[in-house]
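Protein chains: 2
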Amino acid sequence: MINWKNLDSLDSYKELQNTKEVNLKEVMAGENGAKRVKDYSIKMAAGLTFNYAAKKVDAEILSGLDKLAKEAELADKFKALYEGEVINTGEKRLVLHQLTRGQLGADVIKDGVNKREFYVNEQNKIAEFAKKVHQGEITNAKGEKFTQVVQIGIGGSDLGPRAMYLALENWAKQTGNFKMEAKFISNVDPDDAASVLNSIDVAHSIFILVSKSGTTLETLTNESFVKEALVKAGLNPSNHMVAVTSETSPLAKSPDYLAAFFMDDYIGGRFSSTSGVGGAVLSLAFGPEVFADFLEGAAEEDKLAANANIYENPAMMDALIGVYERNILDYDCTAVLPYSQALSRFPAHLQQADMESNGKSVNRFGEPVNYKTGPVIFGEPGTNGQHSFYQLLHQGTDIIPLQFVGFKNSQAGWDVDIQGSTSQQKLCANVAAQIIAFALGKDDENNNKKFEGNRPSSIIIGEKLDPKALGALLSHFENKIMFQGFTWNVNSFDQEGVQLGKVLAKKVLAHETEGALKEFSDLLNI
Amino acid sequence: MINWKNLDSLDSYKELQNTKEVNLKEVMAGENGAKRVKDYSIKMAAGLTFNYAAKKVDAEILSGLDKLAKEAELADKFKALYEGEVINTGEKRLVLHQLTRGQLGADVIKDGVNKREFYVNEQNKIAEFAKKVHQGEITNAKGEKFTQVVQIGIGGSDLGPRAMYLALENWAKQTGNFKMEAKFISNVDPDDAASVLNSIDVAHSIFILVSKSGTTLETLTNESFVKEALVKAGLNPSNHMVAVTSETSPLAKSPDYLAAFFMDDYIGGRFSSTSGVGGAVLSLAFGPEVFADFLEGAAEEDKLAANANIYENPAMMDALIGVYERNILDYDCTAVLPYSQALSRFPAHLQQADMESNGKSVNRFGEPVNYKTGPVIFGEPGTNGQHSFYQLLHQGTDIIPLQFVGFKNSQAGWDVDIQGSTSQQKLCANVAAQIIAFALGKDDENNNKKFEGNRPSSIIIGEKLDPKALGALLSHFENKIMFQGFTWNVNSFDQEGVQLGKVLAKKVLAHETEGALKEFSDLLNI
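So the sequences go chain by chain: A and B. Basically the numbering used here = 1-based index in the first sequence + 50. Basically the numbering used here = 1-based index in the second sequence + 50.
Just chain A, same shape as in the assembly:
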């Protein structure tokens, strides 16, 4: 029987509060610093490594985090989740996104269906469909091949798949796996759809409509937008559209689509990149084998997350260091800083995955909590960020913990040697330099040129950003978020906070407003 307890009721948390804060300027200096880099490292899947040497931890604090992991029963809670308990208590749902890429425990049977088999079956349907498109067996009405794919979705149906597509686009081009260009329409702003439609060849495009419920305002509106464009171009929309939705949605059995691929209520939008939500667009863009490799990387990383030993579990370690920073050191934000242009939208995806999951003020029983939960997540790729907001990270009045990601090799392999080093070496040199600059700082008699240092960071290092590494990276952060949610005792899998705005927007459109809302509606000409 699992115990769901608030963080501040745990003895190990109280013990942690009595530990002494680590001074990175001391521990990261000299040979001791070198030893920390070697010791504070955990192997991940797909050749990645999680290094937390530059975090404010030492043997005592790590031992405290280990106790916390055990007292909070993190491994047991993860097991309950992947074996099909109702972990999303608010919506009374199972949480099964890990099953879309592997199976860590006992079979999960729900309503007589083996869920792993269901997800694999949908993945296979998508693979078959994608192959037929690539081979020219599924074509437009004129029998011509489709060359572009456009995903219509918002939030989890957009950010994750878009970030994953951008992460692999150059890799796919370089390795001969690039099949079709993908574009994305998400915003209800009509300029979003107009811009994408103006940039593509609609006659040779497949549109993927993604909405679990089949009722998302933005997505249905953009579907109509696209259908009008297709009709205007003399095309039959049903020859150009597929749906990714739940079997119970109005879209599921509609004749308006070439095909329908299914997910279910147990896959949250922000955790759906490894389901058909990511699967359809990534399989069409890069081929189903690439998508399968991506899933394999995620599945391997999931296995590591099931380990109850925090010293061997990178996601659990990352999560608990984050809780320590948030609740004991009182840091309010976390910056995600990938030194890889291909990960340009990965921080935006994590921003959703993290802030929508753990931006909660009540525990899983609906009782207000007396401690801070999810932090603000933001970030941009390095080295770009270095010439932007890093000023505040180095010398601002708040300390922001940093999450670096770096790869030894570039994706395209095209490089130049300038002043004795390649661009890739310069990129890697910069991320190494930043970790030390943040940790150690630099004294100066001019205060304006002084760096306080003692600013914590971790880094995930990989060989090259390929499908497996990307899957492992995604799984790491999904599991980190889950473990933090368990520790804070919140339900990370609902999002009631998005409802009120929807209700009020409907009132505005129905002109059922008064007071300030009516005034703002008037100002905006609605």
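Just so you know, not all the hints are guaranteed correct.
[Said to hold, decoys possible] Straight-line Cα separation of at most 30 Å, DSBU-like style, residue types lysine-lysine; simulated pairs:
1) A/568 <-> B/499
2) A/499 <-> B/556
3) B/422 <-> A/75
4) A/142 <-> B/499
5) A/492 <-> B/55
6) B/458 <-> A/556
[Unchecked claim] Label pairs and their in silico Cβ distance ranges:
7) A/99 <-> B/163: 53 to 59 Å
8) B/463 <-> A/379: 49 to 55 Å
9) A/265 <-> B/467: 15 to 21 Å
10) A/281 <-> B/194: 34 to 40 Å
11) B/54 <-> A/463: 49 to 55 Å
12) A/514 <-> B/159: 51 to 57 Å
13) A/416 <-> B/139: 53 to 59 Å
14) A/197 <-> B/251: 17 to 23 Å
15) B/154 <-> A/249: 39 to 45 Å
16) B/178 <-> A/379: 53 to 59 Å
By construction, these hints were calculated from the structure, which means they are not laboratory data. The C-beta atom is built at its ideal place from N, Cα and C for all residues, glycine as well.
The hints should help you fit chain B onto chain A, whose structure is shown.
Just chain B now, kept in the frame of chain A:
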């Protein structure tokens, strides 16, 4: 004589600390709320309006902010700045970006040069060059027209110009002002340059190299990258490249460029969108008249910022409400939320402009300050953000002040009517609804569905995002940042915090490392 004093030494600040926090759930309800929306509004340039009804202010607090503005001598400091005093004391430089678009006071003569004339002259040189490119008088070696333009720059030479280009791209296409597609190379990650070069027709591309000093590592590296690609394609790089730099930089008189356009040390990178840094790429992409309109919008907004009356000065009001939120209400972040897909990178630009300017811990005399300065800035366009991180904004444990932007009309004018409303109406309905949802919240017997409300926001409303409106919007935020820097008594115009990382990265590349830095360098294979 201006007095530069720390915020916490001002009497008006101490008075403000004794005011009572406004409860938005009370003041924004009913007819009082409607009245606030009408009253708490300031006209901006180009048809924009700044509305702060949903901020936690009342007559008493506003009066306190007015006193603070006067005691901090904000209008006088701005006048000193635009009339050429050495406001950037750390680097002993004038701060003249407003002069690139207009002149608010006395002539600024420096080293015998009238600086306004200098900037206008460079703008004219760019306009002439752009016209010749558009008319086919300046062509590639084969006499063919250039069709694409690629900006090579990083930080301020990238984020602002890129955000402005994206903001006007669809508007230009719709209004017949679209001349050339623009792309941007910034990151030292070789995959960035490779990806852009793979996506363009190099034989018909002009590259703009932007670096004030002519020594920026990333930019020079990417220049070499591009030059190699041009040579490989059998082209002479000097027929394809122009430079935007300072007259004293090594690039200024080089025969390697078709032309060189100048800025100077008095234009900070993050404030350079209205100088040649933005001017060259925007004039080539949309024509010099569009760029001139953009400058006109900024110049008109600058005029409003020179008004000592805070109730008529939107940038000053916005700035001081922000200081009140940061230092008295103790909020650590600000989210920028444009309801316009065209402003997709505007938050990233403001993230630099704000965090690099005011992320400081020492005052302009190099003395540590005892209060918080610049907040973390992040954001994404609505409605996308609503399906992402808004969960935390509505129900998280921290309150994040919000800065909305919305326009009554779309840019492309292409829209669909679904369920009785257009997409543009849905977009506007959503932003109006969000303001009220954040301010008033909603009670519910289920705590998980309860919204505490009392979360402050402001909104800038415009007719349509066109060049003038964009210029006004940019100016508003630049001036807001400036006024906040004055109030915090920091130097907003240097960025010493970016130096240490550069120094250490050089050491890594020279293999002059030891301890933890050597270990990380080894892990990254450098």
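Now for the hints, and whether the structure bears them out:
For the hint pairing residue 568 of chain A with residue 499 of chain B, the CA-to-CA distance comes to about 24 Å; that is within 30 Å, so the pair holds. Note on residue 499 of chain A and residue 556 of chain B: the hinted pairing holds, with a Cα-Cα distance of about 18 Å set against a maximum of 30 Å. Between residue 422 of chain B and residue 75 of chain A the CA atoms are separated by roughly 23 Å; this keeps the pair inside 30 Å, and the hint holds. Proximity of residue 142 of chain A to residue 499 of chain B is assessed by CA-CA distance (about 15 Å); at most 30 Å being required, the pair is judged to hold.
With a CA separation close to 27 Å, the supplied pair residue 492 of chain A and residue 55 of chain B stays within the 30 Å bound. Restraint check for residue 458 of chain B and residue 556 of chain A: satisfied, since their Cα atoms lie roughly 18 Å apart, inside the 30 Å limit. Look at residue 99 of chain A against residue 163 of chain B: about 55 Å separates their beta carbons, and that is inside 53 to 59 Å. The hinted window of 49 to 55 Å between residue 463 of chain B and residue 379 of chain A holds, with their beta carbons roughly 51 Å apart.
About 19 Å separates the C-beta atoms of residue 265 of chain A and residue 467 of chain B, a value consistent with the hinted range of 15 to 21 Å. With their beta carbons about 38 Å apart, residue 281 of chain A and residue 194 of chain B fall inside the hinted range of 34 to 40 Å. At about 53 Å, the CB distance of residue 54 of chain B to residue 463 of chain A agrees with the hint of 49 to 55 Å. At roughly 56 Å, the beta-carbon separation of residue 514 of chain A and residue 159 of chain B lies within the given 51 to 57 Å, and the hint holds.
A hinted range of 53 to 59 Å holds for the C-beta pair residue 416 of chain A and residue 139 of chain B, which are about 54 Å apart. Distance hint check for residue 197 of chain A and residue 251 of chain B: the Cβ-Cβ separation is about 19 Å, which falls inside the suggested range of 17 to 23 Å. Checked against the hint of 39 to 45 Å, the pair residue 154 of chain B and residue 249 of chain A passes, with Cβ atoms roughly 41 Å apart. Between residue 178 of chain B and residue 379 of chain A, the C-beta spacing of about 57 Å keeps the proposed range 53 to 59 Å intact.
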